[in-house]
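Q: Read top to bottom, the protein sequences are chains A and B. Its first residue numbered 1, the first sequence is counted upward by one per residue in full-length UniProt numbering. Its first residue numbered 1, the second sequence is counted upward by one per residue in full-length UniProt numbering.
Calculated from the structure, these hints are not laboratory results. Just so you know, these numbers come straight off a predicted model, no measurement behind them. Only true hints are included.
Heads up, simulated DMTMM-like pairs for lysine to aspartate or glutamate below, C-alpha to C-alpha not over 25 Å straight-line:
1) A/Lys162 to B/Asp95
2) B/Lys162 to B/Asp149
3) A/Lys162 to B/Glu193
4) A/Lys44 to A/Asp95
5) A/Lys162 to A/Glu133
6) B/Lys162 to A/Glu110
7) A/Lys162 to B/Glu110
8) A/Lys162 to B/Asp43
Listing some non-contacts, in silico: residues in chain B with all C-beta distances to chain A over 10 Å:
9) Arg21
10) Asp148
11) Asp158
All C-beta atoms, glycine included, are put in the ideal place defined by N, C-alpha and C.
There are 2 protein chains.
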Amino acid sequence: MREVFQQELADVQNGLVEVSRGVLEAIRNATQAFQTSDVSLADKVIGNDINIDEQTARIDDLTVEILLLQAPVARDLRFVVTTMRIGSSLERMGDLAAHIAQLARLRFPEFVGPEGLREKFVRAGELACAQAEKIAALLDTEEEALIDDIISSDDAIDDLHKEVLDYLTAHTDDLSGQTAQIVDATLANRYFERFSDHAVSIARRMRYLQDGAPTAE
Amino acid sequence: MREVFQQELADVQNGLVEVSRGVLEAIRNATQAFQTSDVSLADKVIGNDINIDEQTARIDDLTVEILLLQAPVARDLRFVVTTMRIGSSLERMGDLAAHIAQLARLRFPEFVGPEGLREKFVRAGELACAQAEKIAALLDTEEEALIDDIISSDDAIDDLHKEVLDYLTAHTDDLSGQTAQIVDATLANRYFERFSDHAVSIARRMRYLQDGAPTAE
Numbered sequence: 001m002r003e004v005f006q007q008e009l010a011d012v013q014n015g016l017v018e019v020s021r022g023v024l025e026a027i028r029n030a031t032q033a034f035q036t037s038d039v040s041l042a043d044k045v046i047g048n049d050i051n052i053d054e055q056t057a058r059i060d061d062l063t064v065e066i067l068l069l070q071a072p073v074a075r076d077l078r079f080v081v082t083t084m085r086i087g088s089s090l091e092r093m094g095d096l097a098a099h100i101a102q103l104a105r106l107r108f109p110e111f112v113g114p115e116g117l118r119e120k121f122v123r124a125g126e127l128a129c130a131q132a133e134k135i136a137a138l139l140d141t142e143e144e145a146l147i148d149d150i151i152s153s154d155d156a157i158d159d160l161h162k163e164v165l166d167y168l169t170a171h172t173d174d175l176s177g178q179t180a181q182i183v184d185a186t187l188a189n190r191y192f193e194r195f196s197d198h199a200v201s202i203a204r205r206m207r208y209l210q211d212g213a214p215t216a217e
Numbered sequence: 001m002r003e004v005f006q007q008e009l010a011d012v013q014n015g016l017v018e019v020s021r022g023v024l025e026a027i028r029n030a031t032q033a034f035q036t037s038d039v040s041l042a043d044k045v046i047g048n049d050i051n052i053d054e055q056t057a058r059i060d061d062l063t064v065e066i067l068l069l070q071a072p073v074a075r076d077l078r079f080v081v082t083t084m085r086i087g088s089s090l091e092r093m094g095d096l097a098a099h100i101a102q103l104a105r106l107r108f109p110e111f112v113g114p115e116g117l118r119e120k121f122v123r124a125g126e127l128a129c130a131q132a133e134k135i136a137a138l139l140d141t142e143e144e145a146l147i148d149d150i151i152s153s154d155d156a157i158d159d160l161h162k163e164v165l166d167y168l169t170a171h172t173d174d175l176s177g178q179t180a181q182i183v184d185a186t187l188a189n190r191y192f193e194r195f196s197d198h199a200v201s202i203a204r205r206m207r208y209l210q211d212g213a214p215t216a217e
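With the sequences and hints as input, model every part of the structure.
A: Following this line, the structure appears as C-alpha cells:
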C-alpha cells in the first residue's frame, strides 16, 4: 500500500513537471508569435491550451483520489494540497499565454500595441519565458536557489509593467487614433504581469513545501 | 470526535459565507466609488481588502488542519477540497474589487474611462454586484436555482465586455488624446469580466458539491 502511495505522489510530481514544460513551450511560442505576428504559431498556442487544461484536470483528479484513498498526513498531505494549488497556477499561466497569442492573432499583420512599446514587450516576453523556465526547473529539481530567483525577478517585471503604463500616458499625443493599440498594449501588459504573479505564487508554495514557511502573498 | 469534526466543517462554511458578504460589500462600494469618483469610499475598499485576504487565509489553514487531523472521506472530503477552491476565488474577487476602486482613486476627480462608456460601466457594476449577491446567498442557502442563475448571467457579462471593446475600437477618432481613459476602461472591463468568471467558477464548484458533476470551465 505504501509503495502504491509513493508511486502516486511521484506521478503527481511528474505530471506537474510535464505541465510546466507545456506552459514553457506555450509562453515561448506566444512570445514569438507576439513579436513576429506569426498567426500559425499563435493558433498552435491557442489550440494546445486545451492540453494544459486537460493535464491539470487529470492531476487534480489524482490528488483528490490520493486524499480520498490514502488519507496522507504531515509532509505528504502538505505536498498533495500544495500540488493542487500549483496545478491551478500552471493552468492560469497556460491561459495567459493563450491570451497573449490571441492578441497577436487578432492584430495580424500589425504589431500588437504601439511600435514605441516593441522593445518593452520584447523584454516582457524574455522575462516571462525566463520565469517559466525557472518554474519548470524548480518543479523538476526542487533546487532552492531557484525559489529566491523567481521571487526576486518579480520586481523587474513589476517595474516594466509600470513603465508600459507610464509610456502610454506620456505619449497621449503620438497615440491619437491608435485606440486598438492602446487597448491591446494594456491587456498584454496585464497578461505578462499576471503570468509572473503566478510564477511567484508557485515559488512561494514550493518554499512552504520545503520548510513550512507561510505563503503570504 | 465526530462532533468536533462537524463543528469544524460548519466553521469553514460560515467562514465562506462571511467572506462572500465582505466581497459583496467590496464590489458594491468599489462600483459606487467608480461611478461617483468617491475617493474615500475607494480607500475603504482598498483598505478592507486585507481583511478578506486574512479571512480566506484563516479558512485555508482550517481546511488544511481538517485534512490533517480528521482525514475526511467521501462527501466530507469533497466539501473540504471544494472549500479551498471557493476561498481562493473569493479572495481574487476581493482583489478585483480593490483594483476597480484603485482605478477610481487614480483618476479622481475624473470619471474612469471615456464618458461614452459611463452607461456600460454602470451596467457592468450592476451585473457584478448581482453576481456577488447571488454568490453570498448561494453559499448561505445552497439553493440550487442560484447556481443556474449565476452561470447563465455570465453570457450577459461577456456580451457587455465585448461591447466595451467594440466601443473603444469604433470611437478611435473621438478618443484621440484620451490614452489614460482607454487604458483604464480596458482594465476596468477586464476586472469586471474576471470578477464574474470567478463567480461562475464558484457556482460550478457548488454544483459539483451537490451532485458530483465535473466542473469543466
